[in-house]
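Chemist: Could you slot chain B onto chain A? The hints should help.
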Amino acid sequence: MLKVENLYKNFGNIAAVDGISFEVKRGEVFGLLGPNGAGKSTTISIISTLLPPTEGEIFFEGESIFKNSKNLRQKLGIVPQDIALYPTLTGYENLRFWGNLYGLKGAELKERINEVADIIGLNERLKDKVKKYSGGMKRRLNIGAALLHKPDLLIMDEPTVGIDPQSRSHILDTVLKLSAQGMTIIYTTHYMEEAEELCSRICIMDEGKIIASGTKQELVELVKERTRINIKLDKITGNMPQIFKEIPGVSDAAVLDDTVTLFGENGDILLAEIISRISEEKSKIRSLDIQKPDLEAVFLHLTGKALRD
Amino acid sequence: MKVLRIIVKDLKIVLSDRQALIITLLMPLVLMTILSMALKGSFMSSDDTGMEKIPVALVKQYDKGADSEIFVKTLEERLKINISGDEVNPEEMFFDDFLGNPEVSKLIDYRVEEENRAKDLLNEGEISAIIILPDKYIYDMKISLLTPFRNNADLKVLTHPDRPVAGEIVTSLMEAYTNTMSSVIIGKNVLIESASANDIGGDGFDNIDEIMEGMADLVAGTNVNIDNVTVEGRRSIKSSEYYAAAMMTMFLLFAAGQGGRMLLEEKDNQTYQRMVIADISKTHILAGKFIVIFLIASLQIFIMLAYSHFALKVKWGNMIPILVLSTASAFSVAGLGIFIASLTYRAGNYRLANAFENVIIQVMAFVGGSFFPIDVMPEVIRRMSFISLNGVALKAYLKIIVGYNLADILKHVSILAITGILLTLIGVVIFNKGVSENA
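Protein chains in written order, with this note's numbering: chain A, 1 to 309; chain B, 310 to 748.
Calculated directly from the structure, the hints in this document are not laboratory data.
Hints are not guaranteed to be accurate.
[Stated by the list, open to error] Which stretches of chain A does chain B cover? Using the computed rule of at least three CB atoms under 8 Å from a CB of chain B, they are: (1) 78-85; (2) 95-102; (3) 166-172.
No experiment lies behind these values; they were computed from the predicted model shown.
Even for Gly, the Cβ is constructed at its ideal location relative to N, Cα and C.
Bound conformation, chain A alone (with noise of 0.2 Å):
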């Protein structure tokens, strides 16, 4: 349905984008997973056509989307990651607006309002000015402006960054639903179990570069030797990563405010080491649990950092 052959974009001196190709089959849950700052945004905004590449081509349904953006424009939604609606009118007035872009109108309009409604679950609170909403609330209505026009392609750029866990997983549901309902879906998060949870396919990027894809298992298959060692302490020191590097077994480690995340191949064995190393350290063990691999140690393992550096 999509596909990305070498795709560069450049601010300056700054390659946002560098060299990317990747193909979205239709109906699947494609998801770019990476850290803030990794190009995500900006590969999206070029397939969005907001944005011009440097170098490099899009097709979608085989046409070129810089030759004609039109048939791209019409059967694609957009879910920008900043919630882009008018605070001061209703809900209702923002979905009637940018149904009414897309050339609904009259009854079809106001049927697919209530049908969006209920898929985003606000029809109790249509009539109330988006500024009175919840930061969940607007990212709900946020879905809904893009879905107003049944489009063919739905991009959703962080959709669930800064709110709350109810909301969050209202979001995810809803992602499920239309996918389930064949809608093709690009999912662009930095948590990783979103990407886990909603996508068939993953491509990882790092830098504006596409470090690994595939799909959840094919991933995971590239560290599969590797368990994840959870350490929440009481202090960190400067050098623990360095510490506990050190360690034989430990294949790598990385640190995030009180957490020490570490992977090494047989973790049972490896503990004994671990809690001695801390000991030596003066810190306290606050909490500690080990995981089978996942796309956290997939991106450990190909950069070297932690997803949510």
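Modeler: What follows is chain B alone, placed relative to chain A:
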């Protein structure tokens, strides 16, 4: 059709913004009411502080030599008195004693002109008023001052309707002069009557100059009248009319300021990007904003015209020129709004829009005459008023109020329309450049 949707949406947003409504609609109504009431009495009074001299033409309809001869002959024939009357010189009293007075000369800069030439100068706006000393003025004044009789000597003041304050200052000065002269004449009559009653006879005239000077404080009716007319029979402007037009034209600029924020607000809200993805062209987006600003300005004009008419009893004059001028004013404001909006969009911050609202509007209001009539301002400012949209519109509205027709304000309408078109075109170029640079 999509433009219409954008317009409806923007109008809803603007009309739901209470603070913007207060600035664009309520504040001008309050200000025009306060200024109309507060300056009702003083609007026409002079204030010479920092004021330029008012250019005035003096027209002598009389023939000094002939008047003096007639005076001598009349006295000989009617009163059998043989005097030259040279001891009283009304021309010298007017030109040297009155106009030469330091206080008066601070206000008036006069030149003597032939009548038709003076009227041409007035119509061209080169001078603010004409003072006409009528036929037989010298003769009538000598009769009034030197004999027991009183002859009317009607001074005429012709003023320009576009310069009501200057006209009123000249009129007031002439009134002061004629009041003084009337006092002198009455004093003379009292003297003559007293001399006659006491049988002093001709001796009473020996000290007439001295007594006339002492009688100048007398206050009484006058036989020397001021006939105040404006050119071509136009009427003068009232304070309520002036400030209704002044506040309206000034606050129209706030519609441009409000419109100037719209594009960047759309961009900041990400709704601009969403519209582009929805395949709405830049032209549609700009056209929508232009029409919204035009409609806001039109709504302002309609409300202010209606309010000032019903609440302040302002007579706006012929509705057709008002309609044409209002449309041109709203159009130029929309052009200005698009120009500011494009610059603001390109800059990526609201500094320019803020500067426009907080500084530029105030300067334009001052230069355009919204705070104080520009006919008492220095010549430089009077000329600068044509670079302010509100100044051009204000001049044209005042012309309609005093009775000018559509043909007389076409120059102003053209300036407004052309400015609107130019600003819009420049705005479009800046916006397109800004969009491609951002891309």
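Chemist: Hint numbers the structure violates, sorted upward?
Modeler: Hint 3 contradicted; others consistent.
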